[in-house]
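Start from the sequences, fold in the hints, and give me the full structure.
Protein chains: 2
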Amino acid sequence: MSNHYLALKQHFTQISHFEHFSALGDWDQATMMPMGGSEGRSDAMATLAGHIHGMKTASWLADFIDAAATESLTALEQANLREMKRAVMQANALPTELVEAKTKAAYRCENAWREQRKHNDWQGFKPNLEAVMALVREEAAHRAAATGLSPYDTLLDKFEPGITSARLDDIFRPLRGELPDLIRRVRDRQASEQMAPLEGPFPIAAQEAIGRELMQLLGFDFNQGRLDVSSHPFCGGVPGDVRLTTRYSEQEFAGALLGVIHETGHARYEQGLPLALRGQPAGAARSMGIHESQSLFFEMQLGESPAFIDKITPIINRHLHKSFSAAELTYHYSRVKPGLIRVDADEVTYPCHILLRFEAEKALLDGSLSVADLPDFWSSQMSSLLGINTDGDYRNGCMQDIHWTLGELGYFPSYTLGAMYAAQLRAAMEQQLGPLEELIRQNRLAEVFGWLETHIWSQGSIKGTDQLIQAATGESLSGQYLLSHLKRRYLGE
Amino acid sequence: MSNHYLALKQHFTQISHFEHFSALGDWDQATMMPMGGSEGRSDAMATLAGHIHGMKTASWLADFIDAAATESLTALEQANLREMKRAVMQANALPTELVEAKTKAAYRCENAWREQRKHNDWQGFKPNLEAVMALVREEAAHRAAATGLSPYDTLLDKFEPGITSARLDDIFRPLRGELPDLIRRVRDRQASEQMAPLEGPFPIAAQEAIGRELMQLLGFDFNQGRLDVSSHPFCGGVPGDVRLTTRYSEQEFAGALLGVIHETGHARYEQGLPLALRGQPAGAARSMGIHESQSLFFEMQLGESPAFIDKITPIINRHLHKSFSAAELTYHYSRVKPGLIRVDADEVTYPCHILLRFEAEKALLDGSLSVADLPDFWSSQMSSLLGINTDGDYRNGCMQDIHWTLGELGYFPSYTLGAMYAAQLRAAMEQQLGPLEELIRQNRLAEVFGWLETHIWSQGSIKGTDQLIQAATGESLSGQYLLSHLKRRYLGE
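Protein chains in written order, with the UniProt record's numbering: chain A, 1 to 493; chain B, 1 to 493.
Mixed in with the good hints there might be a few duds.
For identical chains, the list gives no copy identity; a pair is met inside one copy or between any two copies.
[To be verified] Within a straight-line C-alpha distance of at most 27 Å, the following computed DSS-like cross-link-like pairs (lysine-lysine) qualify:
(1) Lys-9 <-> Lys-104
(2) Lys-311 <-> Lys-118
(3) Lys-9 <-> Lys-158
(4) Lys-118 <-> Lys-104
(5) Lys-104 <-> Lys-56
(6) Lys-9 <-> Lys-56
(7) Lys-322 <-> Lys-158
(8) Lys-9 <-> Lys-118
(9) Lys-9 <-> Lys-487
(10) Lys-463 <-> Lys-56
(11) Lys-102 <-> Lys-85
(12) Lys-463 <-> Lys-9
(13) Lys-118 <-> Lys-85
(14) Lys-322 <-> Lys-362
Just so you know, the hints here were simulated from the structure itself, not pulled from any lab data.
So, in structure tokens, the structure goes:
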């Protein structure tokens, strides 16, 4: 008999039902809700979040988890129990007063930041960020006490279970070593190429029709999801009803389409999570890095590959009534140029933005960097990584992202972890199925998705992160696959 | 001190936060959700409903309500406590097993009905309806024991607090007596008029633009609400974010527009509920009949009045690129014709459909009518009220509505109560502000809405139903105002 396990399973199913409404509330707020609804929504969301937190910190859970561990469980059930334990531990890590204090400070910081950033107002922003950082350090200390990890590692672990900063140092080292020179070489090579810009305007209805056709091509199930518009693209909803968004500009269409392809990667992961574990902790996506690996596999490995651009060029031309060549689209998709802003960065320079933030977070957490010294640190890192001086430009420097205003440290590495996982997954897939370019040209995309479904999507959180990647690729995460991918695509090496 | 009252108030605010998601889930399901999301949604909605039910039946509530009654409360607080007591009593009225059995039987009956109705399959439908009716009788017996009311009156009281079937008999008597002859006279009068049909097609985008412009004219606040499409028009959402829907046909536009005007009446009531009592039982709409009075005031008293049709004719023509005259629109808006289907009925014949259902419900509840005898009863009532024989036509007879399949008896009278309240409110408003036709022609709609806001919307559930109508109109509900309105509009009397 496994009575305690069954009671826990039922409890977590109920939690997932409340989380269903939390996901719906978030999606609706970003896509549908009129401004006047925000006060009522935020009150309701706060009550819901409190209720879910209460369910995850119920005092009987610890005893039930211990008792369930002595019951006769299948391997799946054991994995689920492990993830339940992790969820309960995470929920219990912080005292309520700290959660409330951090929520309040983050809200104040983010709200003021929206104006301060526009005015490059570092002096106004600094004390707010200092207040948030002080609470983040407190959070990390509490989590460190609960987990035995180092303070910064506990923050990483929230998003990428199992990763440590020592391991990230190792994985990131080759990128840090090779990227600056690689970028210079790519820039030199691209300097000789010249093509005219793509002439717009591009009607939004046509862009949306292209997006839907690409989603279909990428196997998105519209019976189990939607495409809408929001000011920041995201993939939300619940596994049986996955809702992704993009944003359109009439002047430029690649951004919206790459956004759709990116979010479709997230969406297929969610749609492909194991049905038998739906609502259970082990049935959820493994980590932020793995999630990002799916979106970046779709966007970068697949979406920006020459064969895929060949395939979608007629679709784009048909809806836009244009006659762009695949070479033109490829040209504009693949420009590499160091810039100030992370979210605007290309595939090659993007990791530099993450390496900088990772170093800053480590130093902010261990106290070797103060908030006051952050702008100088930023400028010196940007200089050495991308050859850009950011002195005095706070708005496009350390004030550009929302993450730190919210006290979310430890999240940034996920972006580059995702790019590295994606490149490594592609290499493993190609070992088994043959070159991705060939699979695309031979209309064998279903095999590509089948491989991802088998090795990643259907695995949910059954395995640990490292175990998942080992099982899928035969080895632990390595930064070399991303470097090889970039050299092959941008230098023909 | 009023500690118990404050604890109750806080508890009901929390309940309203969960009800926020229940409203959002309903709206989303009808307008946005892909089919594949329905299983996950219905599981989540069931958990949420159970949680809300649990909060309303918490064992400490009765003691707190008793204790609060001894505290020093304002008149508003006393009204709120009275409504809390009513909500708790309603939630506790039925044993959980009965609620579950009824939900199950209703689900089975409704699901099968969707097909059975298409095939006029009375024999298949009958046993399912009998099962539902048996449980409705059980429900009524439980409610009667808890309230001291008669079984059918307890069902009426769910939707129209304070009403009884004896009182409805009195109010409906003049309608039953006068309507059949009135309909004949209107039909005779209209027989001499002839106009060609309005030539379509009418593009849906243009109809939607008209709808939005009419909503604005009717004072709908788009900062606090939305207009969308669903297969059955409704008004949902929450007071700060009221979401109404309509449905469009390219062949005919009056249906969609009258639907928008109707739902805007519901919406303005919701948007105008007392802000100070938001989330509290006394801050909610008073009853289904009062709610329907607002939608019917907007649709029938206002929307179908000659001055209003004059005002909106240019708007309609501008969007549709037509040159209809107000007389043409009025002609097509005001045809009176007895028909089989309640939801298609005009203002004059509609009450007959309700009188029939009210008689049937009374008889089904007191046992004098069996489900088996329902079709004969239906046909004989349709004959005497509308001169229509429905023998053998179950699909367009007693199988036409969803209400009974769901076990919702007691709801139907609300529709005609609403029409009667609306006519009576108009008469009282005209005593103070002058003829509605003049107010419309003089662009004084804001005064009309101001009057409704003062007397109905801002009152929420502070007063009882009868008290509310007495305060607004100087007397209790009377059926005479509706009859006078119909005679004036359709016979010029």
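For each hint, the structure was consulted:
1. Lys-9 <-> Lys-104: between (33 Å within a copy, 24 Å between copies)
2. Lys-311 <-> Lys-118: neither (41 Å within a copy, 46 Å between copies)
3. Lys-9 <-> Lys-158: Answer is within; shortest intra-copy Cα gap is 22 Å, inter-copy 37 Å.
4. Lys-118 <-> Lys-104: Within one copy only: 22 Å inside, 57 Å across.
5. Lys-104 <-> Lys-56: This pair counts as within: shortest intra-copy Cα distance 22 Å, inter-copy 31 Å.
6. Lys-9 <-> Lys-56: Answer is both: 12 Å inside a copy and 26 Å across each meet the 27 Å cutoff.
7. Lys-322 <-> Lys-158: Neither: 46 Å inside a copy, 62 Å across copies.
8. Lys-9 <-> Lys-118: Cα proximity of Lys-9 and Lys-118: none, with 48 Å in one copy and 42 Å across.
9. Lys-9 <-> Lys-487: neither (47 Å within a copy, 65 Å between copies)
10. Lys-463 <-> Lys-56: within (22 Å within a copy, 42 Å between copies)
11. Lys-102 <-> Lys-85: within (24 Å within a copy, 38 Å between copies)
12. Lys-463 <-> Lys-9: within (18 Å within a copy, 46 Å between copies)
13. Lys-118 <-> Lys-85: Neither way: Lys-118 and Lys-85 sit 43 Å apart in one copy and 52 Å across, limit 27 Å.
14. Lys-322 <-> Lys-362: neither (49 Å within a copy, 68 Å between copies)
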